[in-house]
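Chemist: In this note's numbering, the protein residues as written are 966 to 1554.
Read the hints as simulated data drawn from the structure, not as lab findings. Please note that the accuracy of each hint is not assured.
Label-pair distances were calculated between CB atoms; the ranges are [said to hold, decoys possible]:
1. D1492 - R1416: 19 to 27 Å
2. Q1018 - D1208: 31 to 39 Å
3. R1334 - G1293: 31 to 39 Å
4. A1077 - R1320: 29 to 37 Å
5. R1320 - Q1018: 46 to 54 Å
6. L1066 - A1095: 15 to 23 Å
7. D1492 - W1421: 24 to 32 Å
8. E1476 - P1217: 35 to 43 Å
The structure presented is a predicted model; accordingly, all values stated were derived computationally and were not measured. By construction, the Cβ of each residue, glycine as well, lies at the ideal position given by its N, Cα and C atoms.
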Amino acid sequence: MQDGHALARLLGDTLEALATGGDGDLLRATVALLCQEREQGHVCVALADWSGQSIDTGGPAAPFPAVARWREELEATGLCTPAGAGDKPLVLDGKNRLYLLRHWRTERQLLAFLQQRLATPTATSADTLARTFESLGMRPASPRGEPDWQLVAITAAVHRSCAVWCGGPGTGKTSTVVRLLAVLLHQEPGLRIAVCAPTGRAAARLGEALRANVSPHPGLTAAIAAIQPRTLHRLLGYLPLEDSFRSGPDHPLPYDAVIVDEVSMVDPAVLAVLCSALRPAARLLLVGDKDQLAAIAAGQVLGDLCRSARPELGVGAELAAFVAEATGMKLPVQQAAAPIANATIALRENHRFGRQPGIGAFAEALMLREPKKALQALAAGHDDLLHLPDEAEALAAIEPVLRAQASCRDPEQALQSLGTGRVLTASRHGPNGALAWNQRVQAMLRQHGHRTDDAWYEGRPILVTANDYQNELWNGDLGVASRGSDGKLAVWFASRKGPRRIAITRLPPHETAWAMTVHKAQGSEFDEILLVMPDRPGPLWQASLVYTGVTRARRRAIVCADLEQLGPCLQRWPQRSSGLADGLGAAAP
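All chains should be built: construct the whole structure from the sequences, respecting the hints.
Modeler: Shown next, in the form of structure tokens:
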């Protein structure tokens, strides 16, 4: 945390100069703690968790005092006021959680939006929804007489102007979105709908999935297929020179419904902007997998929402009554449910893991927080899930797929091959980082006659690392270097109209992508993946990273990791500190 030390010292010195009292050394140490926890994704610091402990501030460090004295000293600085009292740089709430002001404002904005929406059901009656289901041929379908959770999810999203769907890969989130679109457009044909995702690649994949799942409802198929997913930044009109958004309270979005996919990846501050930009009657649906890696920015909104709603225990009584009236289904009802339980649904039935017995057993064990069963699945010898701790052996296992990609010469074929395989790493740097593994793959390809020693070569996969608004290329987009009919080398990207050519000189910041980090791969899927974990213990050894990496595979996942480190890793699910779940009425853990 050397760079973090410098930033913390600068911020601590600045705030100490502005302080009107209190313990200056304690203030600087507290600021350093806030910066440290922010780097780990925490929105706030719970003083009780750190009382009696100390941190590395680059110099002598004393333990933090008891909570009562710590609070008194912070309030004495004049820079830290109780929640909601003024615009001081620090905020200390009634439960002794300390925030930077901007994080506090973001959390309060999200909380106020959710509370307001949850308190007001839409005007759609159960009878009206039942008739819509009948017209579209949507009836509860469960071979065992259990609830049809996809139909329940649609009902919840129609009943509330704000709803949350969570589910792992293969639980039908995208196909359920298509069915919801059919319901909404059947009820109101002119409805203006926007669908978005955090990254360009996630938005592109969502578009592909939506078109693949369009149901043949007369008069609705074309309307659904015409919906073009885009990035959340693009939807809100991001202004890079100002680092702000065009849309907001004064310039609301012109949509009647907005659906956000892969919401686990969304920066809470950007989600707060979206909430502020919605018209009062507009619907919002948040869709994602709560077990995936959280956003790089501080916070984990989807995790907080699900922690408060506890959908695995059932739904709220009010939603259960509405579902029973609209569909006849009887749902499990959780006692003392928070209001958000009336708007949050967990999609439970997996439609993909039947073809992936190893990946399925591994992922389901992690979702149920049963790491021993996950390790058993990894060791069971399934064809679709391999554990190869030796790096050379692991690379050899995925080598045929990568060599086939490098051999593609036609741009369209080369683009299609991008989805066949990828090396995924926990970090970008280090011996087992993406940069090092890109070099390994290129060296392997050279041994088999592929020219990878030049800066540019045919078959080189490209990962865009910054948004380019002029060329409409987005952070996370994947392209490939290939020669066109004129014989000139260019980089090609997929589009709805076919391969799109971009001159090498016009590319935004980018890097080679034989290997990429798991974070960058979120929102993508590949036929085969090789997940390589770090060569030594550290904070990146966490269950959510392994889960996210393995579930990127459609056919086979190869895990290259030390088993002694992997066991403890699968028990480690980082919980980011925030007050959002508590504010929504989460039960005490």
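Chemist: Hint by hint, note whether the structure agrees.
Modeler: Each hint tested on the structure:
no. : hint                      : result
1   : D1492 - R1416: 19 to 27 Å : holds (25 Å)
2   : Q1018 - D1208: 31 to 39 Å : holds (35 Å)
3   : R1334 - G1293: 31 to 39 Å : holds (33 Å)
4   : A1077 - R1320: 29 to 37 Å : violated (44 Å)
5   : R1320 - Q1018: 46 to 54 Å : holds (48 Å)
6   : L1066 - A1095: 15 to 23 Å : violated (48 Å)
7   : D1492 - W1421: 24 to 32 Å : holds (26 Å)
8   : E1476 - P1217: 35 to 43 Å : holds (37 Å)
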